[in-house]
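One letter stands for each residue in the lines below.
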Amino acid sequence: MKMLACIKFVPDSDDAALPVKPTNTAGAWDWEAAAGRMNRYDEYALEASLQLKAVRAASRIDALTVGAERAQAVLRRALGMGADHGVHIVRTGQGLPSPFTIAGLIAAYAKARDYDLILCGAMSEDLMQGQVGPIVAGLLNRPCLTSVHALDGSAGRAGLRCERDAQGGRRETLEIDLPAVVTVQSGGMPPRYPALSKMLRANQYPLERIAAEALHGIEARQRVVAVGAPAKERRVQFLDGSADEKAHRLAALLRARGRI
Amino acid sequence: MAPARIVLIADVEEGRLDPAVWELAAMASAAADEADRDVRWMVLGHEASSVGGQLAAKTGCAVTVVSLPPAAAPTGALWSEILRPILDDWQPDLVGMLHTTRFQDCAAALALALDAAWIAAVQGVYRQVPTNDLVFQRTVMGGRMTAEIETGGRPAVITVLPGYFPYEDRETAPAAIEMRTVPLPASRIRLVAVGAADCEPALKQAETIVAAGRGIGSPENLALVERLAACFPRSALAGSRIVCDAGWLAPNRQVGVTGASVAPKLYIACGISGAHQHVGGMQGAELVVAINRDSRAAIFNHADIGVVADLEVFLPLLIEALEKEEMATD
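Heads up: the protein sequence lines correspond to chains A and B, in order. Quick note: the first sequence uses the working numbering, first residue 1, plus one each step. Quick note: the second sequence uses the working numbering, first residue 1001, plus one each step.
Here chain B stands alone, though its shape is the one from the complex:
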C-alpha cells in the first residue's frame, strides 16, 4: 500500500535544509489531485530528524526521516541506492526533488527503477481538464519558448528549478514523523572535500545590481557596464554564467541558479538573454530593467522596463543622462 501519491525528497547539508526546499511543497499543492492531497516528505542525511520536524510542522505533510551516520557523505549515488528500494515499495505517482547537481546525479536512476519519466528543470505544473493528467512546463531556447510535457499516465520523477513555485507559510497541524534506518550501501562515488561557498558579499548588500551578459560582446565593453554601476549608490557589478566562465568577471560575481541568488531594489540586465539558469537567481529583484539588442530576448518577460538597443551606443548615453541629472539636482 502506497503511503503517499506524491513524495517530496529533501536532503540535509551541514544540518540545514536547502532554503528552496519549501518550493517543493508549493509544487505539490499545484500537482495534487483535488480528491487526493496525499503528500509525504522523505528527508535524508546526518541528523535529519530535526529538519524532519521542521518539514512536518511547516507543511503539515507526513515525513519519513532516513537518518544516516556522519560518515555517510551526501552524494547522489548514495541517495540513489537508499531511495530506490523505498520508492520501489511505495510506487508513488510523482516524486519531486530540487534541480541540484546531487539530485540530477540520481534522478535518472530513480526514474528507471520506477519505470517513470524524468522531467528536468520544471518551472510549472497543472492538471489538464478533463483528463486530470499532469502537464509539466519548462522553458526552452534560452527562455524564449515554453514546452508542455506529458507522461501519458506514467509516473514522473521531476527535478524542480528553484525560484518558480512561491511558497506561503500557512497555519497547519504538524504531521506525523516516521523514522527509518537503512543499511549503508557501498557507493561508487565518494565525497573527498567541500569548499566554502564563494559569493561576492557586495552582491548580497547592493541596492542596485548591474549585470552583464554575453550580449555585451567583448570584455572591453565591461568598462561601460562598470561605469553604469558607478552611477548608483550602493551598487555592485554582476555577470551571467557565460561572462564569468569566459573570465571577463570573477566567478563569485555570477548571478543565477549556479551562482548567487540576489534581490536588490534595482536590477539592470545588460545583454542578458534570460535563460532560466540566470533568471532563477534574480527574480526577487524589486525593479528589473532589461537592455538588449534582440527584441525577442526572453529577459523581457522578466523585466519591468525594456530597452531594445545596442549597448555600445546606449550605455554611454544612459551614463551621460544619469550623470547630468545628478548634477542638475546637486
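For reference, chain A alone in the conformation it holds in the complex:
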C-alpha cells in the first residue's frame, strides 16, 4: 500500500514569542519569530499510516510538508518516526495561506503518483479548519472521510474500515473504497516517539525538494484580509492580589452568587 502522510509545521502555541495580534498596520500577521513543531493531529495521521504499514505487506509511506525552509524539521521527525521518504514543497509567503493553495500543491504532487491512501490530520492546531484533506480528495476525485480515529486495513485490498465520533457523540463505523483520503482525529492511536538513533539517521536522509512554483497549483479562492482581537463574548473581571487573596475573593464571589 502506497501512502502519503501530509504534515504541517505549526507555531508552538506555548511559545511566548507567538504574536497574537497583527504584526503590521495592514492587519497582516506572521510568526517567524516564534518556534514551530509538527502539528499534533498530523502526528496521529502519520501514526495511523505506520500502523497500516505494519499489517499491509510492501507498504511505503511518503511524508510531505508544504512550507518555508524551517518546515523541513517535521519531515526529519516523520522519518525518525518511521516514514520512508520526505517531500518538501518549499513555499515562502507570509500570513495565513488559503487551504485551496496548500491542497492544490499537494494534489499536483500526488496526481501521477498513485497513492492508495492520503492521510492528513483532522485539522491544524493553529487554524483548526480541517480543509486541506477534503480539498485534496475533491481535486483528485477520491472519496474522503474526516476525523477518523481508527483504521482497519486488514480486510483486503479494496477498502478500509474506519471509525469516528460523529456529531452528538455517536460513533460511526464506515467503509471507504481505495484510493481514498482520510483525516485523522487525535485519541485513537497515540503517536510513537522517535528514538534518538532513528532521528540521527533521519537527519542524514536526503529530502525531495520541490519549489511550489514548479507545481501546477490552483487559485486561492479565498483570502484572510485581516486578523485581529476576537470579540469578547463576556466581560471578564480579572481578580487581583496574591494567589491567596484571589482565592478568597473568588470563594466570596461564588458564595454571593449562591453557588456554594
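Keep in mind that the hints were calculated from the coordinates and are not lab data. Note that this is a predicted model, so its numbers are computed, not measured. Backbone N, C-alpha and C fix where the C-beta goes; we use that ideal spot for every residue, glycine too. There's no promise every hint is true.
Unchecked claim - A short list of chain A residues far from chain B (calculated; beta carbon distances all over 12 Å):
1) Asn-24
2) Leu-50
3) His-85
4) Asp-114
5) Arg-192
6) Leu-215
Unchecked claim - Here are the simulated DSSO-like pairs of lysine-lysine, each with C-alpha atoms no more than 30 Å apart in a straight line:
7) A:Lys-232 x B:Lys-1265
8) A:Lys-111 x A:Lys-53
9) B:Lys-1265 x B:Lys-1204
10) B:Lys-1324 x B:Lys-1204
11) B:Lys-1265 x B:Lys-1324
12) B:Lys-1204 x A:Lys-232
The hints should help you fit chain B onto chain A, whose structure is shown.
Coordinates of chain B only, in the frame set by chain A:
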C-alpha cells in the same frame, strides 16, 4: 433561474434534525442582502418530509425536500453526489451547512463543483460597506485571534460552527415545500454501523461543572480539580478533548463540539486554552470562571471572572477558602 441566492442544507438523522440547524437560519439572516432576502432550505434523508415541514413553518423559508429510501445511509459521499447536480443547476451565492464530520466530508467537493470558496468553522458573517461583499469571521491560534476572510466575489460554501449564531423563534407564515426524488447514486463510502451517543449523564444534570484542560500539566493534578468539584453541590468533572484523548479522563467526560454541549449554572475552566472546539460546547453556562497561567489565553474572552494563576498553587488555596467558608456558615 436560481430558486434562491442562499441555500441552507440540513440532513435527517433517525427522523430528527440536528438541534443546531436553526443557527443556519440566523446565519442566513446576517448574510442576506437587504434588498434580496432569498433563502431556501434543502433537507435530505429518510422520511425528510416531516422535518421539511418544521423548517418551512419555523423559519418561513422555502424548502426543497430530497426524500431517500431507508437503505440510503447518510454519508457525506452520498450527500455530495445528490447535491452537486442540484446546486450546479441553482448556482447559489452562498451555501450554508453545519460544521459536522458528514458535511466536512462533502463541502470541498461541492465548493469545487460550484467554483466556490469553502470557509470552514465559520463563527461570524457580515456585509462590508460600501462594497456589500460578504466577510466571514473565524478564530485562529487557539481562539486568540479572529481572521476575516473574503472570497473576492466568488460564491462560498461555508460550514458553520454550532454555538455562534443565536436563533430566536419569530412569527412567520409557513413557506412552500417542494418534494424531489433523485436516483440513488453509487457511493464509495458505506455506513456499516452507528453506536449510541456516550455522554456522562452527570454532565447534563450538573449545576456546577469543573473542567480540566491541558494547562493542568499532568494527570496527577486532576485530583486537585476533582477536589475543587467536590466543594460544590450537584457538581461534575469534565475535560477538554486533549485531556480526554490523553486518557486522563474518560472520553464521555469531554465538553466541546465533538463531545457534550453543557449549560450549567457555573462552569470553572481550569487550564483550558479556549479554542472554539471547546468553547462551542460550554457557552450556554450561566457564570464562567476561567483559571489559567497565560493571561493571553482565549478562554478569558468567554469568562465572567478571570484568574491568572498557576493551578498547582491556586487550586489548593481556593479549595481551602471554599471549605473554610462552608464551615463558617454551618
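Here's how the hints hold up against the structure:
no., hint, result
1, Asn-24, "holds (14 Å)"
2, Leu-50, "holds (18 Å)"
3, His-85, "holds (26 Å)"
4, Asp-114, "holds (17 Å)"
5, Arg-192, "holds (15 Å)"
6, Leu-215, "holds (18 Å)"
7, A:Lys-232 x B:Lys-1265, "holds (20 Å)"
8, A:Lys-111 x A:Lys-53, "holds (21 Å)"
9, B:Lys-1265 x B:Lys-1204, "holds (11 Å)"
10, B:Lys-1324 x B:Lys-1204, "holds (29 Å)"
11, B:Lys-1265 x B:Lys-1324, "holds (22 Å)"
12, B:Lys-1204 x A:Lys-232, "holds (26 Å)"
Violated hints for the displayed structure: none, as all numbered hints are satisfied.
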